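2 protein chains.
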Amino acid sequence: MKNRRIVLASRPEGEPTPTDFRLETVDLPPVGEGQVLLKTRYLSLDPYMRGRMSEGPSYAPPTQLGEPMPGGTVCEVIDSRAQGFAKGDTVVAFNGWQEYSVADPKGLRKLDPSAAPVSTALGILGMPGLTAYAGLLNIGQPKAGETVVVAAASGAVGSVAGQIAKIKGCRTIGIAGGRAKCDYVVNELGFDACLDHHSDTLAADLKAVCTAGIHVYFENVGGKVFEAVLPLMNDFGRVPVCGLIAQYSATELPPGPDRTPLVMRAILTKRLTFRGFIVTDFASQSAECFRDVGQWLREGKLKYKEDIVDGLESAPNAFIGMLNGRNFGKLLVRF
Amino acid sequence: MKNRRIVLASRPEGEPTPTDFRLETVDLPPVGEGQVLLKTRYLSLDPYMRGRMSEGPSYAPPTQLGEPMPGGTVCEVIDSRAQGFAKGDTVVAFNGWQEYSVADPKGLRKLDPSAAPVSTALGILGMPGLTAYAGLLNIGQPKAGETVVVAAASGAVGSVAGQIAKIKGCRTIGIAGGRAKCDYVVNELGFDACLDHHSDTLAADLKAVCTAGIHVYFENVGGKVFEAVLPLMNDFGRVPVCGLIAQYSATELPPGPDRTPLVMRAILTKRLTFRGFIVTDFASQSAECFRDVGQWLREGKLKYKEDIVDGLESAPNAFIGMLNGRNFGKLLVRF
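First to last, the protein sequences are chains Y and P. Heads up: the first sequence runs through residues 1 to 335, numbered per the working numbering. Heads up: the second sequence runs through residues 1 to 335, numbered per the working numbering.
The reader is advised that the hints may include incorrect statements.
Because identical chains share one entry, a pair is satisfied inside a single copy or across any pair of copies.
[Unchecked claim] Only pairs whose alpha carbons sit at most 20 Å apart, straight line, appear in this in silico SDA-like list of lysine to any residue: (1) 2 to 166; (2) 110 to 68; (3) 2 to 22; (4) 207 to 57; (5) 110 to 301; (6) 207 to 58; (7) 207 to 56; (8) 207 to 145; (9) 39 to 207; (10) 224 to 257; (11) 207 to 291; (12) 305 to 288; (13) 224 to 303; (14) 39 to 62; (15) 207 to 255; (16) 2 to 311.
For the record, the hints were derived by calculation from the structure and aren't laboratory data. From a predicted model like this one, the values you see are computed outputs, not experimental measurements.
Next comes chain Y alone, as it looks inside the complex (with noise of 0.2 Å):
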């Protein structure tokens, strides 16, 4: 039997382009006992792959040339050997971008297909709902009647962020790329602002409207934003530290002066905390998470978008747009 699958051709310098990835026909392992033939139905595209192109230290190893691109799935067993899974069941499983896989069973998740739409298993009941819930909630520790920033807004993390920290009673701004998507995250998902960051005026539009100062910034970003948002960080603000989509492609840093002891004065005169996490860190909160974000969604308290691609071949312009921000929502790849 044959597989489809994208790997990594080389190791950009700077921002990914088509040829470092190579889509490639293999033959599949036979299915070995206790372990099942998954089909790809979605696999979910997230701005941490960037890390795994690069070598270097990062916290997770890097995806070594000619290996599969790593990635979150949600599958159908085709095949089954082992105890457990049968012929039909819906998994989440991490097995990357490809269009089988043999897996053991360790590390795969069956799904409810009744329960919610699979492929949010991705997405808002998945990893990113989780890095957004915990990431808020443990770092963050919003209150009520506080202001909340979150950057990359419309996206699959920060939507998630943001609505919680609504429901947690807080102002909540969000920052996003362009008209329509500041206009989703405010009409849609509730925000009480939005904030584009194209805007050249955006550290005095964000000024304007944290008018009590920020308590809480959720960042996914850096560069720019980061610097717009920290002259308004209140005492005792809290900054979890989720991404860095702004500079993961960068090849050298930004010109100076080194604004380092900026950074290190507010920390130090505001008290702020600062503090970087990484889903898996979490992933004891996994069940209080899915619980309270499945009770929110059915509340209607909770919305989400998708933006999907078809076809395995679709998978690496479809990344390479969402790092510079062309995404509109959780992007998957549906099969």
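With the hints as your guide, set chain P onto chain Y.
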């Protein structure tokens, strides 16, 4: 009755100079009902005073031009019209760079001169001691076997932070300026090692000695010490940001490139916690702190060193010297 005091004469551009201070003699107001007349015995000189000399937002309002420089003091009550205070009592006050003051009892703390040398109420059993204790234990959260790096390790705060880390079972590395201080930190204070920040190979020296990385960095300095520490921080490391003496007198940002992305990337991928604090944030822990520190002192587990200069006139130059690391131990002015 006449009072001699040192007031802020001008706001320094960069490093303070003697002309930024002015010694003046003024009439002392009469002692009102419910007040006490204090004669200063010791004045504490501390890095935070540099911040008060500048305008602009910080965690305390700036000292006004013509007003006395602020500072903690140990004083003798020489006249009292306040209940609970008698002539001859020794108190801790915050009445700044002056020989006498008329004070309200609120904010005074009576000392028992038989319990410990009264000057320690400005050092290890005072604000610097609580700063070290609270910052290290609440934010640093050192665990036995971890590596703790302490900047300004021979100073009033760093020396206590590092010794408490040793008491908690940590491997403790100091950073200080010059051979004499480093020898003192290792031989007298019992740190496992101490590196000279004047070394051209500080980053390599630190890497060589921190063979298990760094779990806690007690930040008092900023600048090149911070740059040497950051690459060595372990996952889930903690950075209590207590002070940034290397940048207090800077008139401009360092030359580029802008290293902020390196700091943010380290926070993200290593899941670091940076948290700024000021001693007053932990005022509620002072009784517990002084109980613990007092016991460690009696048991010989904590040592301290005072750097004493004599006379009010000595204060400006001693203070300027401290900002350049010329003090050796807790800097005090004795009257």
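Taking the hints in turn, this is what the structure says about them:
Taking the shortest Cα distances, residue 2 and residue 166 never come within 20 Å of each other, neither inside one copy (48 Å) nor across copies (61 Å). Taking identical chains as interchangeable, the C-alpha atoms of residue 110 and residue 68 are never at most 20 Å apart, the minima being 23 Å within one chain and 71 Å between chains. In this assembly of identical chains, residue 2 and residue 22 lie within 20 Å of each other by CA distance solely inside one copy; the values are 16 Å within and 86 Å between copies. In this assembly of identical chains, the alpha carbons of residue 207 and residue 57 lie at most 20 Å apart only when taken from different copies (16 Å versus 36 Å within one copy).
In this assembly of identical chains, residue 110 and residue 301 lie within 20 Å of each other by CA distance neither inside one copy nor across copies; the values are 26 Å within and 57 Å between. In this assembly of identical chains, residue 207 and residue 58 lie within 20 Å of each other by CA distance solely across copies; the values are 19 Å between and 34 Å within a copy. When the C-alpha separation of residue 207 and residue 56 is checked against a cutoff of 20 Å, the pair qualifies only between copies, where the shortest distance is 18 Å, while the shortest distance within a copy is 37 Å. When the C-alpha separation of residue 207 and residue 145 is checked against a cutoff of 20 Å, the pair qualifies only within one copy, where the shortest distance is 17 Å, while the shortest distance between copies is 45 Å.
In this assembly of identical chains, residue 39 and residue 207 lie within 20 Å of each other by CA distance neither inside one copy nor across copies; the values are 49 Å within and 48 Å between. In this assembly of identical chains, the alpha carbons of residue 224 and residue 257 lie at most 20 Å apart whether taken from the same copy (14 Å) or from different copies (15 Å). For a Cα distance limit of 20 Å, the shortest separation of residue 207 from residue 291 qualifies neither inside one copy, at 36 Å, nor across copies, at 45 Å. Taking CA atoms no more than 20 Å apart as the test, residue 305 paired with residue 288 passes in neither setting, with 22 Å inside one copy and 52 Å between copies.
Taking the shortest alpha-carbon separations for residue 224 and residue 303, neither the intra-copy value of 28 Å nor the inter-copy value of 47 Å comes in at or below 20 Å. For the homomeric pair residue 39 and residue 62, neither the shortest alpha-carbon distance inside one copy (25 Å) nor that between copies (66 Å) is at most 20 Å. Proximity of residue 207 and residue 255 under a CA criterion of 20 Å is satisfied in neither setting, with 25 Å inside one chain copy and 28 Å between copies. In this assembly of identical chains, the alpha carbons of residue 2 and residue 311 lie at most 20 Å apart only when taken from the same copy (16 Å versus 88 Å across copies).
Checked against the numbered hints given earlier, the structure breaks hints 1, 2, 5, 9, 11, 12, 13, 14 and 15 and satisfies all the rest.
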